[in-house]
Amino acid sequence: MASTPLVEATDLGKTFAGPVPVEALRDATLTIEGGEQVAIVGPSGSGKSTLLNLLGLLTDSSAGSYRLDGLDTTGLSERQRASLRAERIGFVFQEFHLMGPRSSLENTELGLLYRRFPKRERRRRAEEALVAVGLEDRIGTKVDRLSGGERQRVAIARAIVGKPRLLLADEPTGNLDEANSMAVLDLFAALREENTAQVIVTHDPLVADHCDRRITLRYGRIESGGPR
Amino acid sequence: MRRPTVRRSGVRPLDFLRESAAELSGQPVRSLLTLVGIAIGVSSVVVSVLLVTTVRFQVSDQFDARLATQVVVAPSGSDSAPGPEPESAEAPWRQDGVDRVRAIPSVTAVASTVRSQFDQVVRPNALVDPTAIPETTAVFGVDPLAVPELDGDLRGPGWSAWHAAHAERVAIVPERAAAAHGLQGVEVGDRIFISGLDFTVVGTVGPVPRLPVLETGILVPDTTLIRHFAADATTRRLLVVTQPGAAPDVAEVLAPALLPTDPAALAVSRPVSDVTLRQAVDQNLTNLGLVLGLVVAVIGSFAVANTSLASVMRRYGEFGLRRALGASPFHIGVHVLTDATLLGFGGGMIGAVAGEAIMLGVAANRHWQPVIDVRIPLLAIAVATLVGALAGAYPARVASRIEPTEALRR
Ligand SMILES: Nc1ncnc2c1ncn2[C@@H]1O[C@H](COP(=O)(O)OP(=O)(O)O)[C@@H](O)[C@H]1O
Ligand SMILES: [Mg+2]
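Top to bottom, those sequences are chains F and C.
For reference, each letter of the first sequence is one residue, going 8 to 235 in my numbering.
For reference, each letter of the second sequence is one residue, going 858 to 1267 in my numbering.
Fair warning: there could be bad hints in the mix.
To spell it out: a stretch of chain F is covered by chain C in this simulated footprint if at least three of its residues, at any positions, have a beta carbon under 8 Å from a beta carbon of chain C; those stretches are [claimed, not checked]:
| id | region |
| --- | --- |
| 1 | 59 to 72 |
| 2 | 86 to 94 |
| 3 | 121 to 131 |
| 4 | 135 to 146 |
Partner residues aside, some chain F positions facing chain C, computed with beta carbon under 8 Å [claimed, not checked]:
| id | residue |
| --- | --- |
| 5 | P26 |
| 6 | F98 |
| 7 | E113 |
| 8 | L117 |
Don't read these hints as lab results, they were simulated from the structure.
Glycine residues also receive a C-beta, built at the ideal position from the N, C-alpha and C atoms.
Construct the complete structure from the given sequences, taking the supplied hints into account.
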């Protein structure tokens, strides 16, 4: 019996309404298995972020279907989508999106806030995650005082603290130097052992080469690498 | 195929408070400015309401003091007594009784008054045909000292105890009665006619503040009234003016002092209309406090709404991130609402405590009896909290509608 893929997108499309409607993504069909590491590459404006937002249930598709972990996501309420994001999806962004005045620990705990975990449990798991990303000596430090590489590691800790099935990263190394980029890749690599699939949007060939697979987008279409 | 259900995620209520506390303390300057703004508003309301309450007590005391300076003695049952009996036309008390009352140290004035049983026709001179006079005029019998003792401004010599003892036909004409009954221009030395009898005018008088009813008739000696016109014994009054605050004590001893043989024949009372007056003052001041509170509440809600909306704009990206982490639009709204409510509550707390402290300081400084009423600060805190929540409603709505993908693109 073949196992269900984690991500099953069929003819997924997204059109932004407006005076001139923008068809940012068309007929995207792809599957991703648990623990797989997939790079999404393509020129600027080709629809990479749009695809990532669709996979992350942050936005509604205009066409096609998307099954996450065997669950058909069409017609889910915003509340249910929020629950799925909380339980099964982690996000990492180029801009980190951390709360500067708060500590690494508080920022990491935020990854569990919307899951009804008791405070004590959130704290314990956040400390674990920070240790996992190598920030055990920065746990109480305000994020404002951290370097760029350290900040991205806090952001990764926040994304993985809930042990998501799917990690979505939009240009995670875009603001980092090569050494820090490599460190981030090492952290992602470690997640494969947890069976966490990863989708990494990147411009960096080094990062793309590191992944199991590469999906190339052009003009809102998957040019190569979609279905296995 | 496997069909997992979506488990509903959520936030523990305490965590909303924790998040708001962290957010507000993460922006200490901004939070402090808003808190101080609210606190100033709340403290000014608390101070003014407490001040109003305290001043109200002062005002009430003043009114009490003024009103407490009058005590009225009347024959018992004078209100219901149907008509005068010949014997009762005279005052039930005697002159020695009145003298005893006057001797009470805290008594400052005593005036006896009685009204004629029937109003009389009053003419400026004998040339006027009495049948042409449309209205009759009250005649009051008063004792010689009554007019000055009732704070009336007597012009002319008035009459003496001798006039009173001999029931002389002398009269004091109040200006108001003169104007109302065709006696304009009457002067001391003139003669006027009351029901055909000629009277010498020995004085005129303007307002009689303590017993304004006297202004409406002609004043003659008590004895003269009894001799020439029937006195209405039920209108017999002894008005006793006391030093401030002494009235209750004077009222106690008045009847025995005046009529030791039969004190029960006298009814001693204190004016009651003042209570109504005091209530009117109370109501005015209370309304003033409420209006002030309303104004501050409106200003405060705009202040909180402004801060709250500014913070939503600043946290645009953060709310996008929270959505990515699993917050629903509802959760985002509750975050903003909690922030605003907490600001209102905090500002209310600080303001209430500060207001109470200021009030105690002012009261101590002015030697006022401070009115300690915890309900006012508690109410202020509750209202400030509610105002915070209401002011946060619109910003919360704005925040809950943030598009996460837009917000994350910053
Ligand atoms: N909210 C939006 N409204 C209108 N057009 C959008 C919106 N978001 C993205 N687009 C357009 O969709 C296309 C794909 O955008 P995006 O997925 O961000 O590309 P990439 O991430 O590959 O650079 C672009 O042409 C972009 O201008
Ligand atoms: Mg992009």
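Violating hint indices (sorted, rising): 4 and 5
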